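*Asks:* Protein sequence lines, in the order shown, are assigned to chains A and B.
Be aware that the first sequence starts at 1, since it is given in my numbering, and climbs by one per residue.
Be aware that the second sequence starts at 1, since it is given in my numbering, and climbs by one per residue.
Since the hints were derived computationally from the structure, they do not count as laboratory data.
Check the hints yourself; a few may be wrong.
[What the hints assert, rightly or not] List of simulated lysine-lysine pairs, DSBU-like, C-alpha gap at most 35 Å:
hint	chain 1	residue 1	chain 2	residue 2
1	B	K114	A	K192
2	B	K136	A	K2
3	A	K218	B	K136
4	B	K135	A	K2
5	A	K218	B	K135
6	A	K218	B	K185
The model shown is predicted, which means the values in this text are computed figures rather than measured ones.
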Amino acid sequence: MKSVLPVLTIVAAILFVWVLAVIPMNMHLTADQAQRDGLAVSPETPAERQDHSGLGLSLRNPSLLGLTFVQERPRLPSPHQVAVEMWDTIVMKKITSKRSLVYHGWVTLSATLLGFAIGTGLGILLAVGIVYNRAMDMSVMPWAIASQTIPILALAPMIIVMLGAIGIQGLLPKAIISAYLSFFPVVVGMVKGLRSPDGMQLDLLRTYHASPAQGFWKLRLPASVPYLFASLKIGISASLVGAIVAELPTGARAGFGARMLVGDQYGQPLVTWAALFAAAITAAALVGLFSLLERLTLRRMGMVRA
Amino acid sequence: MLSQPTIINAQGLNLTFETNDGPVHALKGVNLEIKKGDFVSFIGPSGCGKTTFLRCIAGLETPTSGAITVNGMTPDEARRARAYGYVFQAAGLYPWRTIGGNIKLPLEIMGFSKSEQAERVGRVLELVDLAGFEKKFPWQLSGGMQQRASIARALAFDADILLMDEPFGALDEIVRDHLNEQLLKLWARTEKTIGFVTHSIPEAVYLSTKIVVMSPRPGRITDVIESPLPKERPLDIRDSAEFIEIAHRVRDGLRAGHDDV
Numbered sequence: 001m002k003s004v005l006p007v008l009t010i011v012a013a014i015l016f017v018w019v020l021a022v023i024p025m026n027m028h029l030t031a032d033q034a035q036r037d038g039l040a041v042s043p044e045t046p047a048e049r050q051d052h053s054g055l056g057l058s059l060r061n062p063s064l065l066g067l068t069f070v071q072e073r074p075r076l077p078s079p080h081q082v083a084v085e086m087w088d089t090i091v092m093k094k095i096t097s098k099r100s101l102v103y104h105g106w107v108t109l110s111a112t113l114l115g116f117a118i119g120t121g122l123g124i125l126l127a128v129g130i131v132y133n134r135a136m137d138m139s140v141m142p143w144a145i146a147s148q149t150i151p152i153l154a155l156a157p158m159i160i161v162m163l164g165a166i167g168i169q170g171l172l173p174k175a176i177i178s179a180y181l182s183f184f185p186v187v188v189g190m191v192k193g194l195r196s197p198d199g200m201q202l203d204l205l206r207t208y209h210a211s212p213a214q215g216f217w218k219l220r221l222p223a224s225v226p227y228l229f230a231s232l233k234i235g236i237s238a239s240l241v242g243a244i245v246a247e248l249p250t251g252a253r254a255g256f257g258a259r260m261l262v263g264d265q266y267g268q269p270l271v272t273w274a275a276l277f278a279a280a281i282t283a284a285a286l287v288g289l290f291s292l293l294e295r296l297t298l299r300r301m302g303m304v305r306a
Numbered sequence: 001m002l003s004q005p006t007i008i009n010a011q012g013l014n015l016t017f018e019t020n021d022g023p024v025h026a027l028k029g030v031n032l033e034i035k036k037g038d039f040v041s042f043i044g045p046s047g048c049g050k051t052t053f054l055r056c057i058a059g060l061e062t063p064t065s066g067a068i069t070v071n072g073m074t075p076d077e078a079r080r081a082r083a084y085g086y087v088f089q090a091a092g093l094y095p096w097r098t099i100g101g102n103i104k105l106p107l108e109i110m111g112f113s114k115s116e117q118a119e120r121v122g123r124v125l126e127l128v129d130l131a132g133f134e135k136k137f138p139w140q141l142s143g144g145m146q147q148r149a150s151i152a153r154a155l156a157f158d159a160d161i162l163l164m165d166e167p168f169g170a171l172d173e174i175v176r177d178h179l180n181e182q183l184l185k186l187w188a189r190t191e192k193t194i195g196f197v198t199h200s201i202p203e204a205v206y207l208s209t210k211i212v213v214m215s216p217r218p219g220r221i222t223d224v225i226e227s228p229l230p231k232e233r234p235l236d237i238r239d240s241a242e243f244i245e246i247a248h249r250v251r252d253g254l255r256a257g258h259d260d261v
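Produce the complete structure using the sequences and hints provided.
*Replies:* Right under this line is the structure:
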């Protein structure tokens, strides 16, 4: 709760900068529209106005400043416009409506969660392989790192087209791209976690003549739990990004990605911005959920001081 | 004491580590016999091989040459037969297990029944004076209590041999005195054979029936002192003339080992 004040301060600062930026960003648009509506604008022709910066134009037309915040298709929407759009599409629309952000959010979220489950499972399996198998230790990590250096934006369409060619469509291709992004932090974190027991703790198990399986279940796995949670928090947000990116290149008709694309292509910036914010809020909620799970689990395990 | 059987027997033990700076002779020509019920301290400066020797007994290191038997077996066989409990320098309790859970760890691995586990946990906690702390997590205990819990863990499966590698090295003097006293009582009650690594002269003299003085480069035994002190030892025995005399002999042994390097 101590973090409330600092967080609110930062939010206020961001909003302040945002509101200030709206004026010059939208001034040319506003001036054009105002002229069509019969208001006096200086200078008088659009060509002349192009020679002025947004800021310069704003200073010459102080009477138009208020109008920059209420443009129908602003270059930069004002915060309240985004808020109103979100209210309309989240709360006021039935969730079965194609314009409901809740509907689109669920489409993206289901792919995110499936992809996250696949990615996490794969990441843990790879990490166990790396820790217990020398050949995998030598070979897997460079490939895992290489996989993350390829821009996902370039790879996503290929994956979706190729999967489509073999008849896999719908949720799974998106989930696979989510998994592609989320397995990596899990591999890295789990390898570190499974290797975190020191020589003394491993020697202790040797003095008990413990089997490798006992070493895994009783020492390495529980020791890796804090590392796993750190990875899961990165992995879940990467998963969401993956699902959105997967919706962009394929002309998906539903999902946050589809809304962003629609807003862009049909000149409805508010739609894009609302989808962007909804996605950010979803990501924050998911990370928050895992933080909570982390705290509860570690407390139950006795690994944090209650 | 004379009629007691030999538990640990090392003859001509050598151990060389290959390092980037050339071979390091961790142990050279070590001969030692430990009888059942002995309390043997290994004392010497760092690098004298005292911990390495303890690890050889435990089968955690393999000697380069020479012979060593534990209960008449090779150390590795003895380790597989769970012949000893080992106490490390740090308590090394699992933070995600309660004190009771930590003591159950070897019992679970060795396949004791649940009821037997519970019974044994209760018994060894009593033995190290930690009754009532079973449900606490390690962080809720002081360093000295944690180390006592780790001793309880080593005692839980009733091995005849207890190997301790500087178990009280990280604790302060007062806690250490207290734990030394408790350890002697525990030894008297359980009649275990104890191998104890330390670099404190008073600790070695106070605890041991046999003090093995070692020196470094190469790691070797320079003196073996059979302590004439009685088995019953109050803390103030450390002011007696006998005690001081043994401490002198240990110090001389340590110094001699240093001179002929």
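*Asks:* Now tell me, hint by hint, if it's right for this structure.
*Replies:* Going down the list of hints, with the structure as the test:
Note on K114/B and K192/A: the hinted pairing holds, with a Cα-Cα distance of about 33 Å set against a maximum of 35 Å. Distance restraint check for K136/B and K2/A: the Cα-Cα separation of roughly 29 Å lies within the 35 Å cut-off, and the hinted pair is therefore satisfied. Only pairs whose Cα atoms come within 35 Å are accepted, and K218/A paired with K136/B is accepted, the gap being roughly 19 Å. Among the hinted pairs, K135/B with K2/A is consistent with the structure: their alpha-carbon atoms are about 32 Å apart, no more than 35 Å.
Pair hint K218/A plus K135/B holds up; C-alpha atoms about 18 Å apart against a cutoff of 35 Å. Between K218/A and K185/B the alpha-carbon distance is near 32 Å, which keeps this suggested pair within the 35 Å criterion.
In the structure shown, no violation is registered for any of the earlier numbered hints.
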